[in-house]
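Assemble the complex: chain A is given as a structure, and chain B must be docked to it using the hints.
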Amino acid sequence: MATAMSHFSKPPSLVILVLAAWLLLANLPLVSLAPNRLLSGQGQSLWQVLETAGALWQAGILTLAVALFVCLVGLCLQNWQKHCAALILILLVFGVWALTALSGQFATVSSTHMGGLGRISLSSGFWLVMLVAWLAANDALRRVRTSTLWASLYWLVVLAGLLGLISCGALDGLSSLKEYANRQEDFWRAFGQHIHIIALTTGVTMVIGLPLGVAIHRHPSWAKRIFPLLNLVQTIPSIALFGLLIAVLAWLGKLFPLLPAWGIQGIGLAPAVLALTLYSLLPLVRSVREGLSQLPQAVTESGKAMGLSNNQLFWQVELPLAFPVILSGLKVMLIQTIGLTAVAALIGAGGLGALMFEGLFSSALDLVVLAVIPIVVLTWFAEAFFMALTAMSHQWTGRVKP
Amino acid sequence: MIQFDNVSKAYGDRHAVIDLNLSVGQGEFVVLIGPSGSGKSTTLRMINRLVEHDRGRIRFAGREIRDFTPEDLRRRMGYAIQSVGLFPHWTVEKNIGTVPRLLAWPKNKIGARVHELLELLQLPPSEFAKRYPHELSGGQQQRVGVARALAADPEILLMDEPFGALDPVTRILLQRELKRIHALASKTIVMVTHDIDEALFLADRVVLFKDGRLVQDGSPLDILSHPANDFVVDFLGRAELGIKRLGLGSVREFLRAGDQARGQAISVDLSLREALSAFIVQGQAVLPVVNTNGSFAGELHFSDLLQPLQNPPGDRGDPT
Numbered sequence: 001m002a003t004a005m006s007h008f009s010k011p012p013s014l015v016i017l018v019l020a021a022w023l024l025l026a027n028l029p030l031v032s033l034a035p036n037r038l039l040s041g042q043g044q045s046l047w048q049v050l051e052t053a054g055a056l057w058q059a060g061i062l063t064l065a066v067a068l069f070v071c072l073v074g075l076c077l078q079n080w081q082k083h084c085a086a087l088i089l090i091l092l093v094f095g096v097w098a099l100t101a102l103s104g105q106f107a108t109v110s111s112t113h114m115g116g117l118g119r120i121s122l123s124s125g126f127w128l129v130m131l132v133a134w135l136a137a138n139d140a141l142r143r144v145r146t147s148t149l150w151a152s153l154y155w156l157v158v159l160a161g162l163l164g165l166i167s168c169g170a171l172d173g174l175s176s177l178k179e180y181a182n183r184q185e186d187f188w189r190a191f192g193q194h195i196h197i198i199a200l201t202t203g204v205t206m207v208i209g210l211p212l213g214v215a216i217h218r219h220p221s222w223a224k225r226i227f228p229l230l231n232l233v234q235t236i237p238s239i240a241l242f243g244l245l246i247a248v249l250a251w252l253g254k255l256f257p258l259l260p261a262w263g264i265q266g267i268g269l270a271p272a273v274l275a276l277t278l279y280s281l282l283p284l285v286r287s288v289r290e291g292l293s294q295l296p297q298a299v300t301e302s303g304k305a306m307g308l309s310n311n312q313l314f315w316q317v318e319l320p321l322a323f324p325v326i327l328s329g330l331k332v333m334l335i336q337t338i339g340l341t342a343v344a345a346l347i348g349a350g351g352l353g354a355l356m357f358e359g360l361f362s363s364a365l366d367l368v369v370l371a372v373i374p375i376v377v378l379t380w381f382a383e384a385f386f387m388a389l390t391a392m393s394h395q396w397t398g399r400v401k402p
Numbered sequence: 001m002i003q004f005d006n007v008s009k010a011y012g013d014r015h016a017v018i019d020l021n022l023s024v025g026q027g028e029f030v031v032l033i034g035p036s037g038s039g040k041s042t043t044l045r046m047i048n049r050l051v052e053h054d055r056g057r058i059r060f061a062g063r064e065i066r067d068f069t070p071e072d073l074r075r076r077m078g079y080a081i082q083s084v085g086l087f088p089h090w091t092v093e094k095n096i097g098t099v100p101r102l103l104a105w106p107k108n109k110i111g112a113r114v115h116e117l118l119e120l121l122q123l124p125p126s127e128f129a130k131r132y133p134h135e136l137s138g139g140q141q142q143r144v145g146v147a148r149a150l151a152a153d154p155e156i157l158l159m160d161e162p163f164g165a166l167d168p169v170t171r172i173l174l175q176r177e178l179k180r181i182h183a184l185a186s187k188t189i190v191m192v193t194h195d196i197d198e199a200l201f202l203a204d205r206v207v208l209f210k211d212g213r214l215v216q217d218g219s220p221l222d223i224l225s226h227p228a229n230d231f232v233v234d235f236l237g238r239a240e241l242g243i244k245r246l247g248l249g250s251v252r253e254f255l256r257a258g259d260q261a262r263g264q265a266i267s268v269d270l271s272l273r274e275a276l277s278a279f280i281v282q283g284q285a286v287l288p289v290v291n292t293n294g295s296f297a298g299e300l301h302f303s304d305l306l307q308p309l310q311n312p313p314g315d316r317g318d319p320t
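Chains as they are written, first to last, in this note's numbering: chain A, 1 to 402; chain B, 1 to 320.
The following block holds chain B by itself, in its conformation from the complex:
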């Protein structure tokens, strides 16, 4: 879908991105992460030509991006940013319909699409369609921002720290929703963040940047299990490497038969990180496990948490 070949970008003397090689496959959720000034945002903005690269080649859907006019290219890519940037003089409805209008969709098709998206992002159309951005909370504005980015069913969604300005509760809620939308529509997503937990939770692939160079590129589990160097270890949080790794697996993966366990039952949907917490809180080495619907499922052994996790094929974890 997106292919970077030896791409470089400099602002005067400062090298923002150096000799980048990166490919993003169809339907992949790729998260670019790194300290500020590491080149992750520049990389994202080179994809839709908000920033023009100096050297190398960037291809989109097999064609070099400079073969498209910037407008055509951008209308095929959704874009959402931290400060949202909704048009303050347009209603929610008109904001979401921006790109479909530019593509000259028929009116009733735009209306239907806007309603569909408002439903998808859990903003009841009857209540929100006619509101202006200043009448929305920060979380609602960002939902509208995401809906606007998705409006014309773009082939790829570019997001620059979309949840950075939100409070932790809203942020987690929207992360889950984005994950659900990604699973639902299997849309290609490239997202920039500096929040490592967000990256590990959302990404199929994490791409770590430092000083304009790509440092490591792999699945969250790869990166946690085989960090390339000390910088990666520090960035992931040296003291929490093991805990974060547990966060990637779910109780379901280590479920055993047996009904001898005592204590308060945990759900199969919990992450192993949450299960670890339950072991410690309850002071038990074996805990009973129940299914999502509350029926008995089996038990989980504390010692099993020491086994290495497997990279899941395709879909990983459960959004709820």
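Chain A extracted, bound-state conformation:
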């Protein structure tokens, strides 16, 4: 008996997460039905949705639920933990896809019933279950002990499936995609502007931040003057900083009439990129300095003693060895910028933030969702990209993963 008991372990957090997902699904609305764009909707639970969806969907969801349950039991058996976690990963992908497709199908069917005016949007139950599924998948990935590269690939597959569902029209009945159908041109223009702002900010930050970080490393006394300044910028709320820059740039534009001619003026792209760059500098500069200063002194000293010039030492030894740390700074910088760029819409820089605020001010939540989802996806991509890059950079620097 004692030996049999020892094969069982305490129920892991994964079990609690998946059980939570089922509880949420049972009690919260999966989608909401509204008679038109502006009225608030009425919740529909998973069971109501399944009722209209037909026997095939019911059987499918039931099978997934039973399979998940079996895997959860298996997870409590020590010898099967890894296999069960892997199976749960697969089941979670299919679960997420199935729920999304199911909602989409329900939306298509009911909007034809309602004569095209009705709005069916994803509701609290759906979003919370997605969140719980994300947490559960992260937990399961840890249990499988997969490499960062495979984890990135897993997320890519999840995302590709969802994008596939969107592009084949399976979700066209959902309200956010109806918004998209109406505002397709605006959406892609805003998306392009968003990317444009991010790219400009990243470029400018790197051009300023990398040399600045190196300079601070070489002259540590500079750190005392520069870091308080950069820290101060971080404490200013973004909206306030944008506002401040409008005033400053407008004033500069009056002093130097050439500046507005070059597009540097109080509102629009210039203050947005400027403010975002100011925010981005701290994480980048700090990571460059940290990356360089964590190098063992013996390495730089013997580099010098071998007769490497300062330039050779920097490019051949210091920079490659500091690269993984600098990467982590770049990652923080980029993800922060992707999010903050949304706020830049307030000073007329455009981007997805413009759509988001339009939706907020006209209480069209579907439009907000349409603008926010690409921002989340972009952040996700950035995260996965840097995760893969960091894993690879550890190989370049000849070190095992810490």
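Keep in mind that the hints were calculated from the coordinates and are not lab data.
Please read all numbers here as calculations on a predicted model, not as lab measurements.
Just so you know, not all the hints are guaranteed correct.
Computed footprint of chain A on chain B; a stretch qualifies when at least three of its residues, placed anywhere within it, have a C-beta under 8 Å from a C-beta of chain A [said to hold, decoys possible]:
| # | segment |
| --- | --- |
| 1 | 67–74 |
| 2 | 88–100 |
Some, not all, of what chain A presents toward chain B, calculated at C-beta under 10 Å [as the list claims (entries may be wrong)]:
| # | residue |
| --- | --- |
| 3 | 305 |
| 4 | 308 |
| 5 | 321 |
Ideal placement from N, C-alpha and C gives every residue a C-beta, glycine not left out.
Same frame as chain A, but now just chain B:
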């Protein structure tokens, strides 16, 4: 090869090296020794300008070191330190080839040289060339460090406590190897250590420092036989002066003809210090001696150990 004339160096108020006069001849193995903070490391690092001297003149190969650019000077000098400082992102092969690459040697010449050095330091190239530093033991890393210092066949090798961080067995092994390499290539070596036994074993000349000043400069036997003052005696280890002196001679030097001795035979290659131990362990005053190959050589008398040792001409002792 290296000539210090009235050289001084201060860090703020602290005088690290005071009015140093020292010359290192071609092919000499000079060990700088002293308590920590005595100026020995500063002296070493002034040679390749990792530390710039304040006053006086340092010459390398007849020219003042400030006539060279630091890079040119350093590429002509090998450098190995206690913490090794291998480049962690480069393979063993690439690490060793650092200076030859800086000197723009042709690729195949670098490859051949790296293989030669790996062989010399008993790291089979097929096994070690492609490894990264973190895949090596401490002793192996230090071997690679020494190989890297030797790579471009420098005129002089500077070493700052190269074996300080190693376990005693590995340290002795590498000391013997360094001695072998020195005998083989008759390279000029300047080494810093605080281990007096290491200094006595390796050096042609020991230079003793205290508080930034040179206290005594001479062969190991000179220093053991005529310590300049009480500080030197204490540093050498007052109680072991005689034993350490015996450590410098070999059985071969006091070998006598005769085959009357009883007891277990000792080898002609043993140091007199080891022979003394054998006398005591075996409780004999005369012991039989055999050659390296095991053939009979003669005998050693305990009373002969009381005679003064002679400074050997040039090469001293046997590395094995």
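Q: List, from low to high, the hint numbers that the structure doesn't satisfy.
A: Failing hints: none at all.
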